[in-house]
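> All chains, full assembly: derive it from the sequences and hints.
If you're matching them up, the sequences are chains A and B in order.
Going left to right, the first sequence walks through residues 2 to 153 as the working numbering numbers them.
Going left to right, the second sequence walks through residues 2 to 153 as the working numbering numbers them.
Identical chains share a label here; the pair holds if one copy fits it or two copies do between them.
When the alpha-carbon atoms are kept at most 20 Å apart in a straight line, the in silico SDA-like pairs for lysine to any residue are as follows:
1) Lys-142 x Arg-132
2) Lys-6 x Gly-62
3) Lys-6 x Glu-68
4) Lys-6 x Thr-65
5) Lys-147 x Val-123
6) Lys-6 x Gln-17
7) Lys-147 x Asp-113
8) Lys-6 x Val-74
9) Lys-6 x Thr-72
10) Lys-6 x Ser-73
11) Lys-6 x Pro-84
12) Lys-6 x Leu-60
13) Lys-6 x Ile-67
14) Lys-135 x His-48
15) Lys-6 x Pro-77
16) Lys-6 x Thr-102
17) Lys-6 x Ile-105
18) Lys-135 x Cys-115
19) Lys-6 x Ala-61
20) Lys-142 x Gln-130
21) Lys-135 x Ser-45
No lab work stands behind these hints, which were simulated from the structure alone.
Protein chains: 2
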Amino acid sequence: MIIRKANVRAGGAEPQTWRYYSDDGGLTQFGAYVETLQPGGGSSERHWHEQEDEFLLVLAGQVTVIEESGTSVLEPGDAACWPAGVANAHRVVNRSDAPCTYVIVGTRVTHDVCHYPDTGRVLHTEGEQWRIEKTDGTVLKSGRCKSPPGRD
Amino acid sequence: MIIRKANVRAGGAEPQTWRYYSDDGGLTQFGAYVETLQPGGGSSERHWHEQEDEFLLVLAGQVTVIEESGTSVLEPGDAACWPAGVANAHRVVNRSDAPCTYVIVGTRVTHDVCHYPDTGRVLHTEGEQWRIEKTDGTVLKSGRCKSPPGRD
Numbered sequence: 002m003i004i005r006k007a008n009v010r011a012g013g014a015e016p017q018t019w020r021y022y023s024d025d026g027g028l029t030q031f032g033a034y035v036e037t038l039q040p041g042g043g044s045s046e047r048h049w050h051e052q053e054d055e056f057l058l059v060l061a062g063q064v065t066v067i068e069e070s071g072t073s074v075l076e077p078g079d080a081a082c083w084p085a086g087v088a089n090a091h092r093v094v095n096r097s098d099a100p101c102t103y104v105i106v107g108t109r110v111t112h113d114v115c116h117y118p119d120t121g122r123v124l125h126t127e128g129e130q131w132r133i134e135k136t137d138g139t140v141l142k143s144g145r146c147k148s149p150p151g152r153d
Numbered sequence: 002m003i004i005r006k007a008n009v010r011a012g013g014a015e016p017q018t019w020r021y022y023s024d025d026g027g028l029t030q031f032g033a034y035v036e037t038l039q040p041g042g043g044s045s046e047r048h049w050h051e052q053e054d055e056f057l058l059v060l061a062g063q064v065t066v067i068e069e070s071g072t073s074v075l076e077p078g079d080a081a082c083w084p085a086g087v088a089n090a091h092r093v094v095n096r097s098d099a100p101c102t103y104v105i106v107g108t109r110v111t112h113d114v115c116h117y118p119d120t121g122r123v124l125h126t127e128g129e130q131w132r133i134e135k136t137d138g139t140v141l142k143s144g145r146c147k148s149p150p151g152r153d
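As C-alpha cells, this is what we get:
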C-alpha cells in the first residue's frame, strides 16, 4: 500500500509533530513514524524499554540525542539504535535554530516495562492495561491503553 | 548507540547497495537498512511475507514500486507499507536516470513463508533452515541461514 507524504495522517502539536505512516499502512508489528521537532522541542523524558527495539534515522536538520553516555548531535544519515533490554535511557531534543525531522521505529509488543530514570518512574504495559509505578513499586497512575497500545 | 553515516557497514554491489544500520546497532526485532539503487537497478523479485511487516520510506530520488495493483512512482517522503499476511507481492526498481535511496524496515521472525508469484516459488524459513518449493510443494533448494536469518 502506497502512503503519500501529502496524505499521511498527522498528529501532535508544535513543537513536536508526527506523521503516522505505519498506522495508515496497516502495520502492527512495529510503528514507523516521521517526527518533526521545532527549535526548543523535545521528545518524552529519557527512557529505555525492556522489550522493544527502537531505531531513529535523521532525515533533516540537527538532532541532539541524550543517552547514558552523554550527548551527541546527529546529522541527516546518522542514526541511533536502542536494543530492547539495554539500560541506555535516551531522549531527543532540538537545540538548533531550525526544525529537525527523523524517522522513528519501535517494535509493538503487548507487554513491556519502560524505565524513566530521571523521574524514578516505571511504566508497565500489560495488554490493554498500563500503570506507572515508582521504583519502590508504589502505583502512581493506571489506565487502559488506547489503540495501538502505548502509542498516541 | 549512535551510528554515524560515515561509519555504518555497507554491503551489496551496484546497482544495489545497503547500509546495515540496525545490525551495527545491535537490533534483533526488526531490520532497518538504507538501500540505494542505481538507475536500472531493482530489489528482489516480487514477493510477500506471511509473517513479516515491511515498511519503505523514500529518502532521495524516485523509487518505482510494483505491486499487485500496479506501478507507483514514489518521491522523498512517500512510503509503502506491506502488512504481514496480505498477498500484495511487491518489488522496487529504479527507472529514473539518477540514484534513489530509501530506508527499508522488516520484522525479524524465525519462521516465515515468502511467496514469489512471478516465478511460482515459495521460500520457507524455519529457524536456521530454509527451503524453496514450487507451489506444488516440490523442493527446489534448501540450506541453512546465515545470521541473521533470511538476510544478507
